[in-house]
Amino acid sequence: MLTDEDRRLLKLIAQDCRLKPEELSIQTGLSPDYIKKRIGEWEKEKVIVGYQPMINWSRTGEEKVAALIEVRVLPQRGYGFDKIAKRLQKYPEITSLFLMSGGYDLTLLVEGKTMQDVALFVAEKLAPHEHVQSTATHFLLRRYKQDGVELMGEEETIQRLVVSP
Amino acid sequence: MNKYLASHVATLPPSGIRKFFDLVATMKDVISLGVGEPDFVTPWTVRESGIFSLEQGQTMYTSNAGLFELREELSHHLYTTLGLSYDPHQEILITTGASEAVDLVMRAVLEPGDVVLVPDPSYVSYAPCAILAGASVHFVPTLAKDDFRLRVEELDKVYTPKAKLLVLSFPNNPTGAIMNREDLLPIAEFVVKHDLLVLADDIYSDLTYDGTHVSFASLPGMHDRTLFVSGFSKSYAMTGWRIGYVAGNADLIGGMTRIHQYTMLCAPIMGQIAAIEALRSATDARNDMVTEYDRRRRLMVHGFRQMGLDCFEPLGAFYVFPDISKTKLSSEEFAEQLLKAEKVAVVPGTAFGPSGEGHIRCSYAYSTEQLLEALKRITHFVEQRLANL
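These protein sequence lines map, in sequence, to chains A and B.
Using my numbering, the first residue of the first sequence is number 25, and each one after it goes up by one.
Using my numbering, the first residue of the second sequence is number 4, and each one after it goes up by one.
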């Protein structure tokens, strides 16, 4: 179970993982040693699994397409969906993979340079998979918001008075 | 045309902040820590309900006291969060910002010759509102050695039998001081002993960083003596919506409602509708803002202490109030010279009353980047100043 302090610390790191333990210490009131120790533990326990910047690729001019793919699969006796999911997650083209409730089983986010890349991946790798029953591919047209960040919104320019009581 | 102004208006001094505002306005690229409002935008669900109310054509007057639905929500909110019990039919009045509520309290209870006891330093409106209501003001110093809490010893020093109203403004703007239950109990005794009314300006009550706020009105016997003033501006980042309220004894609220009915009529309806939504669904958003302020508060206190200045740890509101007397500059000199040399705007402590001398008010309702840059510049200024002494 997380303590309130742990939760505060994790939230801060999730917001900006560039903050050094000393900076985190000033902003939380926790000691730098405690923070270092706790972060070490979280890394070991795979609570913290990476430190990545969020890049809005659409602003780089780089060609990139992504598709959400709904997949129906045959669950395997003794393993459920985990075995197939573990195999699918090895494909570098699949950037996210979720087990879903409802009309299909897995949702995959697949990325490639072109639509052709993604289509080929589905046709050659995913669909022929022995446990995959069917796939439905939906190409992403535009990202408006991702991981809590508004990508397309106009900057909200706050016009406050410079001095007010 | 000045001769046409009423004498008590003609002699009303302009706010100390106004003077500073004019100076800052002439300069470019200033980092300002001078703002007394949140840097957050009103939470989306609240904004959305305001937009929807306009789409629905909700553009009419409301009842003088405000939408009953809002008063009912508030009554529930005050009971569950602060243990305060107010009848939404007669004991709550919705006002156009807490500022109007302060004015109404003063006008409803004060007469010429009455004296109002006002903590010093504190928010700039209390004294002028008292004067406009025909009363006069005795400032009660709150001292750094007492963590800027109001003490009965100081009240005793300035008390006069003409005193009728005591203002309590904790968490305090500009000091960030809070008063806990043990601090408030002797004040309650003082109030009973001298048969005073209390204007409790609890506008920052949600912004505390060490336990829950204790409202003066919740102390034994203080319900009827207290006019509880608050609003949505600080807690829910809704300054521009202008929704505040006052709660208290039905007779007193009735008097205020009569003034309000003839002068303001009612608070804006879209703001009232948005306020209902804030109470119903913006608790998490509010708590997130408090967590963020808390982080910045620690950053600021650390920053000023690193400079070698004494900095009281504020436990409420969103201001730090460091002691700059080591620099041998007055508050005004410090603020002016800092602005000119480093382009950082802070507010001189004296803008909030004579006891603010030796201090500056810095708001931390800014992004971390802005705060860090401002701290860097202030550090440079203070280091140079101290080296040249």
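These are calculated hints, taken from the structure and not from any lab test.
Computed from a prediction, not measured in an experiment: that's the story for all the values here.
Each residue gets a CB set at the ideal place from its N, CA and C atoms; glycine is no exception.
One or more of the hints may lead you astray.
With a Cα cut of at most 16 Å, we get these calculated EDC-like pairs of lysine to aspartate or glutamate [said to hold, decoys possible]:
1. K137(A) to D57(A)
2. K35(A) to D287(B)
3. K329(B) to E386(B)
4. K31(B) to E345(B)
5. K60(A) to E47(A)
6. K167(B) to E114(B)
7. K167(B) to E72(B)
8. K44(A) to E372(B)
9. K379(B) to E117(A)
10. K331(B) to E360(B)
11. K35(A) to D213(B)
12. K137(A) to E154(A)
Computed list of chain A residues with no C-beta within reach of chain B, every gap over 10 Å [unchecked claim]:
13. L36
14. I50
15. G53
16. D57
17. Y58
18. E67
19. W81
20. R83
21. R101
22. H155
23. L175
24. R184
25. L185
26. V186
27. P189
Against the structure, the hints:
Taking the CA atoms of K137(A) and D57(A), the gap is about 44 Å. The hint is violated against a cut of 16 Å. With a C-alpha separation of about 14 Å, the suggested pairing of K35(A) with D287(B) holds against the 16 Å cut-off. For the proposed pair K329(B) and E386(B), the alpha carbon gap of about 11 Å is at most 16 Å, so the pair holds. Of the supplied pair hints, the one linking K31(B) and E345(B) holds, its CA atoms being roughly 11 Å apart against a limit of 16 Å.
With a CA separation close to 12 Å, the supplied pair K60(A) and E47(A) stays within the 16 Å bound. Note on K167(B) and E114(B): the hinted pairing holds, with a Cα-Cα distance of about 9 Å set against a maximum of 16 Å. For the hint linking K167(B) to E72(B), the alpha-carbon distance of about 33 Å lies beyond 16 Å, and the restraint is violated. Between K44(A) and E372(B) the CA atoms are separated by roughly 15 Å; this keeps the pair inside 16 Å, and the hint holds.
The hinted pair formed by K379(B) and E117(A) fails the criterion: a straight-line CA distance of about 45 Å is larger than 16 Å. Proximity of K331(B) to E360(B) is assessed by CA-CA distance (about 11 Å); at most 16 Å being required, the pair is judged to hold. For the proposed pair K35(A) and D213(B), the alpha carbon gap of about 20 Å is over 16 Å, so the pair is violated. As the CA atoms of K137(A) and E154(A) are separated by approximately 26 Å, the hinted pair breaks the 16 Å bound.
For L36(A), the condition that its CB be more than 10 Å from all CB atoms of chain B is violated, with the nearest at approximately 7 Å. The beta carbon of I50(A) sits about 5 Å from the closest Cβ of chain B, which is not more than 10 Å, so the claim that it is off the interface is violated. Residue placement check: G53(A) does not keep its beta carbon more than 10 Å from all beta carbons of chain B (closest about 6 Å). Once the 10 Å rule is applied to beta carbons, D57(A) is consistent with being away from chain B; the minimum gap is 17 Å.
For Y58(A), the condition that its CB be more than 10 Å from all CB atoms of chain B holds, with the nearest at approximately 15 Å. Annotated as non-interface, E67(A) keeps its C-beta farther than 10 Å from every C-beta of chain B; the closest such distance is 23 Å. Non-interface call for W81(A) relative to chain B: holds, since the shortest CB-CB distance, roughly 24 Å, exceeds 10 Å. No beta-carbon of chain B comes within 10 Å of the beta-carbon of R83(A); the shortest separation is about 21 Å.
The Cβ of R101(A) sits about 43 Å from the closest Cβ of chain B, beyond the 10 Å cut-off, so the non-interface label holds. With a minimum CB-CB distance of about 41 Å to chain B, H155(A) clears the 10 Å threshold, and the non-interface call stands. Remark: the non-interface label on L175(A) is consistent with the geometry, its nearest Cβ contact in chain B lying 16 Å away (cut-off 10 Å). The beta carbon of R184(A) sits about 5 Å from the closest Cβ of chain B, which is not more than 10 Å, so the claim that it is off the interface is violated.
With a minimum CB-CB distance of about 6 Å to chain B, L185(A) fails to clear the 10 Å threshold, and the non-interface call is violated. Not every CB of chain B is more than 10 Å from the CB of V186(A) (nearest about 4 Å), against its label as outside the interface. The Cβ of P189(A) does not lie farther than 10 Å from every Cβ of chain B; its closest approach is about 5 Å, which violates its non-interface assignment.
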